[in-house]
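In order, the protein sequences belong to chains A and B.
All letters in the first sequence, in the order written, are residues 91 to 680 by our numbering.
All letters in the second sequence, in the order written, are residues 69 to 762 by our numbering.
What the hints contain is simulated information worked out from the structure, not anything from laboratory work.
Idealized CB from N, CA, C, for every residue including glycine.
When the alpha-carbon atoms are kept at most 30 Å apart in a straight line, the in silico DSS-like pairs for lysine-lysine are as follows: (1) K677(B) to K317(B); (2) K103(A) to K165(A); (3) K624(B) to K203(B); (4) K717(B) to K677(B); (5) K474(A) to K203(B); (6) K474(A) to K624(B).
Covered stretches of chain B, as calculated for chain A (at least 3 residues, CB under 8 Å): (7) 163 to 172; (8) 406 to 414; (9) 495 to 508.
Far from chain A, some chain B residues (derived; all Cβ distances over 10 Å): (10) E210; (11) R438; (12) P626.
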Amino acid sequence: MATSGLDLAIISKRMEGVARKMQNTLLRTARSGVINTGRDFSCCVLTADCELVAAAESLPIHVMAGPDQMAESMKAFHPVLARGDAFLHNSPYHGCSHAADLSVLVPVMDDDGRHRFTVLAKAHQADIGNAIPTTYHAAARDVYEEGALIFAATRVQRDYRDNDDIIRMCEMRIRSPEQWRGDYLASLGSARVGERELIALAGEMGWDRLDAMVSDWFDYSERRMALAVGSLPAGTATGETRHDPFPGTPEDGIPIKAEIDVRPDEGRISIDLTNNVDCLPNGLNLSEACARTAAMVGTFNSLGLTVPTNAGSFRCLDVLLRENCVVGIPCHPTSCSVATQNVADRLTNAVHLAFANLADGYGMAEIGGVQTAAQAVISGHEEKRGGRPFVDQLILGDTLGAGSPRADGWLAMITTGTAGMSFFDSVEVDELRHPVLVTERRLVPDHEGTGTFRGAPASQVSFSAHGARLEVLYQSDGTVFPALGARGGGAGGPAENYVTRRDGVREKADGWATLTLDEGDGVTGISPGGGGYGPAMARDPRRVAHDVAEGYVSRNRARQVYGVVIDEDGVVDADATGVIRSESQVQARP
Amino acid sequence: MRFAVDTGGTFTDLVIEEGARLHLFKAPTTPSNPVDGVLDVLEVAARDLGQGCRELLEQGELFVHGTTTATNAVITGNTTRTAFLTTRGHPDVLVLREGGRIGLPLFDHGIAYPEPFVPRALTFEVPERVDATGKVIEALDEEALDTLFDQLAVAEVQSVAVCLLWSIVNPTHELRLEALLRERFPDLFISLSHRVNPSLREYRRASATAIDAALKPVMSAYLGELEERLRDAGYGGRLLVVTSQGMMKDAGDLASSPIHVVKSGPAMAPVAAKYIVENGYLGRNAIVADTGGTTYDVALVRDGVIPETRETWIGQPYLGHMTGFPSVDISSVGAGGGSIAGVDEAGLLHVGPQSAGAVPGPACFGAGGRKPTVTDAAVVLGFVDPAYFLGGRMHLNPDLARDALMRDVAGPLGMTVEEGAEAVMALLTETMAGAIEDITVNQGIDPRDAVLIGGGGAAGLNSIAIARRLGCSTVLFPDSGAAISAAGGLLCPLSDDAAEFNLVRSGSFDLELANATLARLRERCDIFAQRLGDSSLAQVNYSVEARYAQQIWEIKVPLRQGYLESDLDVALLMEDFHRLHHEIFAYDDRDGEVEFVNWRARVSADMRKQPLATIQQGEARVSADTTRMGFLEGAWQPVPVIGFGNVAKGEECQGPAFVETDVTTLVIDSQASFHKDPQGNLVVAVATAGREAM
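Hey, can you work out the whole structure from these sequences and the hints?
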């Protein structure tokens, strides 16, 4: 081993530091709420060979797989790279997650003009020029109907100067061009910070030594991963779930299946996704990047792995994909507009269930599906401000967290692929920025998936048009197929969406909907509850009593589902509880 | 005579300023009742100065206190039973928080979601609603409040926090609620959000208000007892407490608004740093680090100002509670003298965040600790004299240090024990440098343009190495050393703050609204100035938190004066905003619209007329100058040992050297030279690699 245990620690900290500086720059300077509140952006460092080195606190769905392919396409399309270059990339056919995740790639060149690293800053745009004002066009039959501008590693800067033709193309096509330009500047600034930092690091350590240290860091990460896999039970297992029926899907929704094969003696895990349906004529298809990543996220979640996530540890995972598969490799012009969520979430969850089926103490329940009206994309024209157009995604709710073998569901998961790293909007900030009035944001009792460790309770969010007519778009999975429990845990409550007209008439809205709200009209999104892990009858009665005291679970449900009798003062009746539970023949776990 | 007491986690530090002399004292902190520790350290001082405690205290004119009592009360849950009243429809503000899960192990789903600061069971929805313009959409339903108040009576709370949506624009409903609550519950402690933290974002405002309400009885009791016992002991001067912003306020005022003291303790070191760089002509930027046993706290001075943040956490970020209240920006990392070192199964070296703490402590303490720590590495390398630890109060066992390092670090890495110890120090340096990079990036400072100030007990071991890693050419070890925070307490100005939310857009700048807002802030500052007696002592600084339209996060822009006379002043303000944005984020957008959001004024009065006193020469009780073998730059060599007090002012000395103080060794390698400045600080010139041309 060429690199000492000390140098390994130092190189990992320095590389993570580069990615973190890029992130701080982007977070603080981006314009659209989806980036800076939703934290829907990522930054990473790749080797010259396009292997992922460091991604600091990026969203897993953005970076675990995909940036490697993006960098490869940059090299393939631009064999001659130079310092000062920057590339726009959002092509899901060339490694990007989906079209909305517009990325800036900067090749980091040494003084001799040799390509040494690539830095990548990816940010989910508030708009990407789709045919309808949302970045998640679930109904688009193909990329043409989707309408997004697609950049497959397009050179946007040379000698550190913009190609204004490309900037103008974006400004002519993307809604809220001023906001877009601000977000572009933030992404570019972030990538340039990464470039500057790597050049400085090489000045200190030398390029060749950096390469050697990174290579040894990969080997270390692989050893850690192999050791972790080595401690798992051997075997194969399958996890299956289903995405709700949407336009362009089969009538009974999209079945998703993950087949895992854990081989601890070899230190390898394979996840076979090839036995799934073909690509669909809608925007729910996964990009290759998202198919690969969603399976990886499911694996890391299932094992609670704290090993470094980079090209080294990923060597222990084989994700088997096939072309023209809804969770595989899409072929142009298949639309992947919604690839970072919905089906991706279900895929991650199928992997959770597969690991839970492998052995007790592994895997997780299902995290609730996205995205109810509480996370709608809203658009319109602000009358008070000269008819100025606006478009933005709200992130007001959706709790979703799933029970695990060791804890209740995280209450602010927001989406599966972001691992809970996104932020909720402030009601006041949304009301200041947009013509909306948020009338309600609360948790709903008795909607959790029951379990030894229960899922997160559901959130209920209502908002109405306040000062302008609103277009509201969302695609809410989980209204038909709720989040499943694992190992005897219960399913969470289903998602629900409603429209309440100004006259007070309330109607159930579709899971996939485009709504127009006139002044005073409102929508409500009730998120799915997260699935539970393990039998509810085995839940610690003190936890049940706490849930009752806090209003997450009713006394009635505590008795009927959890078998815990709680008196009016909130005290557990141990004797009565013992009787019910012994009849159910499940032993309580502490 | 002035006193400053900093109650820290382990020690209570006292600094006494008597004319031109500064005296430092230490006593153990007494967690069960920190007031005991304050009185103890005063006893220690009295004994040392050969006086009675009463005699000492009777000479006092000013007593400044920095305290962690408020933070500890929140962390341990020892606050009062508090109810949370909020706008109907929004009961889960404190439960949902702002989401986020940054810095926690990403895929570890064994981590439980944090409980809200006020339980849902004690949360009540108030029928009312105001919109963003301040218009009442739904009037406060006073009839419905009767039922709500009945429930509140049953809940038996001592405190109530009220945070209604948009109370910052129209506080009528909060004020009415307060009046009705007072009528029904005369003894209740009440905090209103538009007073506690008048800023946008309901979670941050609610959280600050809830913490404030829950702390009121605790802090009134604590500060009341402190004042009473000091008075009983003979103190007749003014009692002031340091705020989270490095200012100070009268203890009585803070008892009724304790949110101000949540970060009292860590706010003092940067105040000292600011003073040191200003008086030492060391530029406008400083990084001040406080190295303790378990954590490394970093704060800044940027262009002569101590940067603030509203993202202030009590406890671990995303698992603790955010105050949302402006405080000195501090970046912390789990690294210090007690950090444990080890090598994992795949061959990677780790140092911290686990710490051996005071018990059992490092292996060399011989108190049962078997794991090697940073202190053990320092002993192995000869940095610390085992016979003279803590001024000789504790003897260390170097064999235990070597054994532990060999077993857990050097052996697994295939190194000699010295190489292993150097590796531990190098990784510690990298971790600490990372903490500095985090905060300097966020605040837009290039560490190469800043002086690094090493405070705290373990700062001397690797501050030079940290500076070299970051390209800082100057390191300063303050005269007050480990007691830098307490010394900072003597330098805090007396102050008060006023703030108001009002959205003003650059595209259609409402000069009248901005000036009316500023005028109201000025009125509140005038009250403070009048209370001073001599209002000419008061200095008012205005600022506004602003952002580009559509950005979420604001930056605080100082205003040139307290009113905007014309479009020219507005243009200057815009220019200042663009420039500051560029300074912090490396770009600006001169065509972009700017939104001005929170308008703020701070009135302050400097309580000092003369420079801070210095510790007198010879006071450091260090053994006679000698040499000691030290492992520096890869080899054992004889290293001159010099007592901190014995370094002559003005004389330029060349490393290597071990400069020893009562509590630590300042390790100075051969590539550095040092001198004492006129204020008694040790200033080290570090040879760094030249700046990269970009």
